[in-house]
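Sequence lines, in order, name chains H and L.
Numbering-wise (this note's numbering), the first sequence opens with residue 2 and increments by one.
Numbering-wise (this note's numbering), the second sequence opens with residue 2 and increments by one.
Source of the hints: derived by calculation from the structure; they are not laboratory data.
Ideal Cβ placement from N, Cα and C applies to all residues, glycine included.
Do not take every clue at face value.
[Unchecked claim] So the derived list for chain H, only partly shown, Cβ under 10 Å to chain L, looks like this:
(1) Met206
(2) Leu212
(3) Lys237
(4) Glu239
(5) Val253
(6) Asn259
(7) Leu282
(8) Ile307
(9) Val308
(10) Gly310
[As the list claims (entries may be wrong)] No farther apart than 20 Å at their CA atoms in a straight line, the calculated lysine to any residue pairs in the SDA-like style are these:
(11) Lys435/L with Lys495/L
(12) Lys396/L with Lys191/H
(13) Lys335/L with Gln460/L
(14) Lys299/H with Asn259/L
(15) Lys248/L with Phe286/H
(16) Lys298/L with Gly310/H
(17) Lys191/H with Tyr143/H
(18) Lys269/L with Phe301/H
(19) Lys81/H with Ile107/H
(20) Lys248/L with Ile257/H
(21) Lys146/L with Arg247/H
(22) Lys269/H with Phe28/L
(23) Lys397/H with Arg247/H
(24) Lys248/H with Glu434/L
(25) Lys298/H with Ser264/L
(26) Lys396/L with Asp254/H
(27) Lys61/L with Glu95/L
(28) Lys248/L with Gly310/H
(29) Lys396/L with Asn377/L
(30) Lys493/L with Ile509/L
(31) Lys248/H with Ser145/L
(32) Lys298/H with Asn259/L
(33) Lys248/H with Ser287/L
(34) Lys187/L with Met142/L
(35) Lys273/L with Lys299/H
(36) Lys299/L with Ile257/H
(37) Lys55/L with Lys90/L
(38) Lys273/L with Ser264/H
Protein chains: 2
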Amino acid sequence: MVNPGGRTVQLLDCTLRDGGYYTNWDFDERLVEQYFQTMNSLPIDYIEIGYRSKPKQSYKGGYYYLPKYLLDKCRNRTSKKLAIIINEKEVLVEEIVELLKPCIGIIEMVRLAVAPENLERAIRCAEVVKEQGFLISLNLMYASKWEEKLYVSESFKYLNGVLDYFYVVDSYGGMTPNEVTNIFNKLKEKLSVDLGFHGHNNIEMALINSLAAIDAGAVLVDATVCGMGRGAGNLKTELLLSILHRKYEVPVDFDILNELVESFLDLKERYKWGTNLPYMLSGAFSLPQNTVLGRVKKRFFSLNSIVRGVSSTSSPTVGDFDFPVFSPVKNFAKVMVVGGGSTPQEFAGAIKEYLKENSEICVIHSSSRNLKIFLNLPNHQFHCLSGKEIHRLEKKLHSGDRSKRIFLISPQAGETIQDGFSSKFEGLFEVLEKGFFQEKYDLSTTAMAMDIASCLNVQEVMFIGYDGYTGRVSPEQMELFEENQEIFNEAKRKGLMVFSLTPSMYKISSKSIFSLL
Amino acid sequence: MVNPGGRTVQLLDCTLRDGGYYTNWDFDERLVEQYFQTMNSLPIDYIEIGYRSKPKQSYKGGYYYLPKYLLDKCRNRTSKKLAIIINEKEVLVEEIVELLKPCIGIIEMVRLAVAPENLERAIRCAEVVKEQGFLISLNLMYASKWEEKLYVSESFKYLNGVLDYFYVVDSYGGMTPNEVTNIFNKLKEKLSVDLGFHGHNNIEMALINSLAAIDAGAVLVDATVCGMGRGAGNLKTELLLSILHRKYEVPVDFDILNELVESFLDLKERYKWGTNLPYMLSGAFSLPQNTVLGRVKKRFFSLNSIVRGVSSTSSPTVGDFDFPVFSPVKNFAKVMVVGGGSTPQEFAGAIKEYLKENSEICVIHSSSRNLKIFLNLPNHQFHCLSGKEIHRLEKKLHSGDRSKRIFLISPQAGETIQDGFSSKFEGLFEVLEKGFFQEKYDLSTTAMAMDIASCLNVQEVMFIGYDGYTGRVSPEQMELFEENQEIFNEAKRKGLMVFSLTPSMYKISSKSIFSLL
Chain H
2 MVNPGGRTVQ
12 LLDCTLRDGG
22 YYTNWDFDER
32 LVEQYFQTMN
42 SLPIDYIEIG
52 YRSKPKQSYK
62 GGYYYLPKYL
72 LDKCRNRTSK
82 KLAIIINEKE
92 VLVEEIVELL
102 KPCIGIIEMV
112 RLAVAPENLE
122 RAIRCAEVVK
132 EQGFLISLNL
142 MYASKWEEKL
152 YVSESFKYLN
162 GVLDYFYVVD
172 SYGGMTPNEV
182 TNIFNKLKEK
192 LSVDLGFHGH
202 NNIEMALINS
212 LAAIDAGAVL
222 VDATVCGMGR
232 GAGNLKTELL
242 LSILHRKYEV
252 PVDFDILNEL
262 VESFLDLKER
272 YKWGTNLPYM
282 LSGAFSLPQN
292 TVLGRVKKRF
302 FSLNSIVRGV
312 SSTSSPTVGD
322 FDFPVFSPVK
332 NFAKVMVVGG
342 GSTPQEFAGA
352 IKEYLKENSE
362 ICVIHSSSRN
372 LKIFLNLPNH
382 QFHCLSGKEI
392 HRLEKKLHSG
402 DRSKRIFLIS
412 PQAGETIQDG
422 FSSKFEGLFE
432 VLEKGFFQEK
442 YDLSTTAMAM
452 DIASCLNVQE
462 VMFIGYDGYT
472 GRVSPEQMEL
482 FEENQEIFNE
492 AKRKGLMVFS
502 LTPSMYKISS
512 KSIFSLL
Chain L
2 MVNPGGRTVQ
12 LLDCTLRDGG
22 YYTNWDFDER
32 LVEQYFQTMN
42 SLPIDYIEIG
52 YRSKPKQSYK
62 GGYYYLPKYL
72 LDKCRNRTSK
82 KLAIIINEKE
92 VLVEEIVELL
102 KPCIGIIEMV
112 RLAVAPENLE
122 RAIRCAEVVK
132 EQGFLISLNL
142 MYASKWEEKL
152 YVSESFKYLN
162 GVLDYFYVVD
172 SYGGMTPNEV
182 TNIFNKLKEK
192 LSVDLGFHGH
202 NNIEMALINS
212 LAAIDAGAVL
222 VDATVCGMGR
232 GAGNLKTELL
242 LSILHRKYEV
252 PVDFDILNEL
262 VESFLDLKER
272 YKWGTNLPYM
282 LSGAFSLPQN
292 TVLGRVKKRF
302 FSLNSIVRGV
312 SSTSSPTVGD
322 FDFPVFSPVK
332 NFAKVMVVGG
342 GSTPQEFAGA
352 IKEYLKENSE
362 ICVIHSSSRN
372 LKIFLNLPNH
382 QFHCLSGKEI
392 HRLEKKLHSG
402 DRSKRIFLIS
412 PQAGETIQDG
422 FSSKFEGLFE
432 VLEKGFFQEK
442 YDLSTTAMAM
452 DIASCLNVQE
462 VMFIGYDGYT
472 GRVSPEQMEL
482 FEENQEIFNE
492 AKRKGLMVFS
502 LTPSMYKISS
512 KSIFSLL
């Protein structure tokens with residue numbers, strides 16, 4: 002708690018809640034113990050300990066569900082006020098009472114994370130929360146994209162009668178202090194409830210924005226230890242307290258705080274939260290962090306194409322290109338789909354031999370990584386181009402390698418491809434319309450390959466270079482792995498014969514390439 | 002280069018110069034090549050490639066000296082304007098011409114890093130630089146501590162006639178955008194030369210401060226890749242460009258930039274620059290980063306004592322304490338000085354046996370780490386208290402362990418020690434005046450131990466637990482190691498017999514503890 006100019010501003014630490022995005026809401030109990038002991042000695046008013054959620058299909062840890070015993074445990078560890086948060090879009094209003102029952106007498110404040118388009122629905126939830134005896138905060142997300150109509154909407158008027166706190170959430174972490182001040186000034190005209198601010202740190206403005214929010218009237222601001230939180234993370238508790246100590250002389254035990262910070266730095270070594278260039282761009286252009294990082298790390302899009310995509314009003318379609326739409330002149334019974342794994346290098350000799358002897362098999366490259374093995378072969382070859390693939394291709398293909406080659410562009414990724422476009426292969430580019438697989442697995446080059454196979458009336462698909470991932474697997478690689486597995490399953494369900502010709506961790510039938518020679 | 006409102010603002014990247022603080026100005030030439038290629042494709046106007054310096058006693062790499070061949074190499078790698086910096090306090094005005102000779106025709110701008118108290122002297126240097134045909138920038142450091150008298154000083158008037166650029170350097174990295182704006186407004190009243198801003202990121206305000214500087218009239222701002230730079234580091238080039246791209250539509254190839262960022266992130270893994278709680282506090286309270294980190298990591302001061310020290314007007318002296326000044330009642334011929342290494346644990350039995358049999362030997366603890374070995378012994382024991390040592394002691398000593406024990410406080414560290422002060426050992430505290438060793442090695446507990454030994458008229462000093470450091474040695478540990486070695490050397494020069502009784506990496510005579518039993 003700080004008292005700038007006689008006002009009381011309270012501080013909320015939401016490390017367990019927001020940090021859970023990295024640990025899947027599991028925390029070592031010794032760390033939790035140290036966390037609470039430290040919070041108890043700091044001028045923090047609220048501790049937000051996690052979510053209350055309905056059961057999910059995938060695993061999430063304790064601080065995502067907060068069962069009764071864990072609520073009790075937290076309560077016993079501190080006399081500070083406790084808060085939890087509920088994802089509004091994941092619960093129905095009639096489920097709220099049941100969900101909050103274990104929290105009664107333990108939790109002081111319930112916060113609802115709400116998207117602007119659900120504001121009306123959320124107000125009914127808020128009323129129910131309030132009736133259960135909790136303080137209620139409505140945390141309205143995506144502040145950088147709020148439009149003028151929000152402030153004059155019917156729903157907005159009702160907030161005064163229901164809420165204890167209305168929170169401005171800079172979800173993209175790209176706001177500037179002036180923008181924050183403007184929003185608070187507008188809110189103060191319309192709302193009489195207390196205001197809060199939750200900042201993200203994509204462009205390193207979480208602190209200055211929170212200070213601007215306090216100056217503009219916020220009476221509750223959020224922070225997390227070491228900024229631990231989704232993507233680029235949050236305002237750092239230690240930074241906020243350092244500055245509030247300087248500015249308002251709020252007492253802080255920096256040694257106890259530093260010991261906690263050191264413990265969380267160990268976690269940071271492992272999970273590596275914090276900002277980076279993709280997150281900065283997601284902040285600067287109000288793009289969802291997951292989308293940006295997914296496109297860069299999973300779909301291999303270029304950052305330039307992502308930034309350029311911001312200014313275009315709608316996604317490009319096949320008609321936006323000067324290239325013809327792909328329509329095959331020939332069918333193939335068998336196709337070899339080549340992924341980016343390393344095993345094709347090991348079996349290069351056998352693969353070449355097999356393709357030479359079976360020139361009626363066509364090759365579809367979902368990645369360019371193994372391209373060199375497939376030069377100077379009699380087979381038709383198709384290249385799935387998305388993301389940065391064209392730049393890789395350019396380095397590996399000579400203008401002489403034109404024969405029987407077609408480059409297929411995904412419309413969504415076309416903006417990238419025109420970029421490094423070379424005239425070397427003029428006439429060989431065609432645009433691939435979305436088929437069954439791409440509709441389901443947008444922007445996946447394996448889905449592109451399967452849509453191409455469908456167009457070619459293929460009956461048999463031989464995968465090579467779909468090895469799976471070993472060692473330190475990134476979340477994006479894990480997602481790719483699961484997605485490819487689903488694509489294989491779908492292909493089987495559609496009656497295609499699918500198998501792997503190189504060693505693979507996927508659940509897929511396999512044959513040895515040597516058995517075919 | 003960006004053009005906000007018709008003005009031209011230029012950008013300067015000083016990664017090699019400021020990043021050199023971490024690499025000792027050695028950089029892998031492939032990285033340098035990638036760096037230049039990337040800079041060539043970005044809207045960066047100046048590249049500051051390092052220092053020009055006179056020869057130093059200790060090793061510094063190429064980008065600290067910039068010999069002619071390296072200047073040429075840089076020149077051949079880019080057509081951007083090149084800058085170098087000179088530490089004004091390290092050169093005499095009459096040395097400037099010689100120092101800059103190799104730069105003529107290669108370097109566009111020479112910057113002088115100047116402390117406010119040397120402004121007058123620096124103007125003469127600036128004139129000489131200018132006469133050699135360079136653009137001259139005067140980078141005035143410690144902006145957060147500038148006083149009003151600076152702006153009205155005689156020297157200040159002369160700047161207009163000499164300089165091309167006057168730079169505001171936020172050396173402590175703790176300024177806020179309002180403070181930056183105020184400084185620029187004051188400068189604009191007094192100066193007609195172009196203004197620049199160099200921000201540090203201790204409290205994560207390097208970006209917002211640089212934007213505030215631009216708004217307030219700066220026409221040249223600095224940044225480094227990944228913020229690589231001394232201590233908490235600088236404004237990140239990738240962050241600045243992301244925001245300038247959004248704000249002013251300056252064209253940026255984010256993919257090429259990101260590849261460079263990834264290369265520097267590898268370096269960051271190794272050198273771990275960036276802000277942390279000690280750096281935040283050094284920013285918030287305008288304390289030199291090295292002092293704060295040195296006191297925390299080398300002298301084991303508490304952060305609280307450092308922050309508290311900010312408000313006290315002068316360093317405490319012996320007279321500031323309620324304890325008597327140390328004056329020994331008894332002399333000792335031999336003393337055992339116990340450091341914090343782990344070997345005493347291995348030889349605990351032998352050490353105890355030796356001390357029991359030789360109760361006329363006194364023990365001086367320069368660290369409390371091995372204290373438990375020395376309980377219940379007949380020997381006189383002295384404890385050197387500095388930094389957080391008192392807290393460690395409290396956990397290890399019972400009130401029963403009073404006998405023949407004296408706690409010696411270093412006046413400089415007294416502020417810390419009063420903190421966790423316990424009445425358990427009332428009457429046993431004395432203040433140690435600075436002697437020969439402490440005058441040379443301020444705040445070192447080994448120096449304290451040697452000053453105590455001098456007071457006791459000791460002839461022979463046996464060190465135990467001075468093992469040296471192995472494994473991943475931090476810079477602070479390396480400094481401690483060198484400092485202890487110097488203390489041993491000094492002791493020998495003063496005619497003391499000094500040796501180690503436990504295995505040690507120091508250059509010091511040794512005896513086996515077992516040979517003495």
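Verification of the hints:
1. Met206: 6 Å, holds
2. Leu212: 8 Å, holds
3. Lys237: 8 Å, holds
4. Glu239: Holds: closest Cβ of chain L sits about 5 Å from Glu239/H, inside 10 Å.
5. Val253: Holds. Min distance 8 Å.
6. Asn259: Since the shortest Cβ distance to chain L is 5 Å, the answer is holds.
7. Leu282: 6 Å, holds
8. Ile307: 8 Å, holds
9. Val308: Holds. Min distance 6 Å.
10. Gly310: Hint violated; Gly310/H Cβ to chain L Cβ min 12 Å, cut 10 Å.
11. Lys435/L with Lys495/L: 17 Å, holds
12. Lys396/L with Lys191/H: Status violated; Cα separation ~56 Å.
13. Lys335/L with Gln460/L: Within the cut-off at roughly 6 Å; holds.
14. Lys299/H with Asn259/L: 16 Å, holds
15. Lys248/L with Phe286/H: Answer holds: Lys248/L to Phe286/H is near 10 Å, not above 20 Å.
16. Lys298/L with Gly310/H: Since the Cα atoms of Lys298/L and Gly310/H sit roughly 47 Å apart, the hinted pair is violated (cutoff 20 Å).
17. Lys191/H with Tyr143/H: 19 Å, holds
18. Lys269/L with Phe301/H: With a Cα-Cα distance of about 24 Å, the restraint between Lys269/L and Phe301/H is violated, given a limit of 20 Å.
19. Lys81/H with Ile107/H: 11 Å, holds
20. Lys248/L with Ile257/H: 41 Å, violated
21. Lys146/L with Arg247/H: Holds: Lys146/L and Arg247/H sit about 15 Å apart, inside 20 Å.
22. Lys269/H with Phe28/L: 27 Å, violated
23. Lys397/H with Arg247/H: 58 Å, violated
24. Lys248/H with Glu434/L: Violated: Lys248/H and Glu434/L sit about 36 Å apart, past 20 Å.
25. Lys298/H with Ser264/L: 16 Å, holds
26. Lys396/L with Asp254/H: OK: Lys396/L and Asp254/H at ~19 Å, within 20 Å.
27. Lys61/L with Glu95/L: 23 Å, violated
28. Lys248/L with Gly310/H: Holds - the C-alpha atoms of Gly310/H and Lys248/L are around 17 Å apart, at most 20 Å.
29. Lys396/L with Asn377/L: Holds, because 16 Å separates the two Cα atoms, which is no more than 20 Å.
30. Lys493/L with Ile509/L: 9 Å, holds
31. Lys248/H with Ser145/L: 15 Å, holds
32. Lys298/H with Asn259/L: 12 Å, holds
33. Lys248/H with Ser287/L: The given pair, whose Cα atoms are some 13 Å apart, holds under the 20 Å limit.
34. Lys187/L with Met142/L: 16 Å, holds
35. Lys273/L with Lys299/H: Cα-Cα ~27 Å, so violated.
36. Lys299/L with Ile257/H: Distance of about 19 Å is within 20 Å: holds.
37. Lys55/L with Lys90/L: 11 Å, holds
38. Lys273/L with Ser264/H: 16 Å, holds
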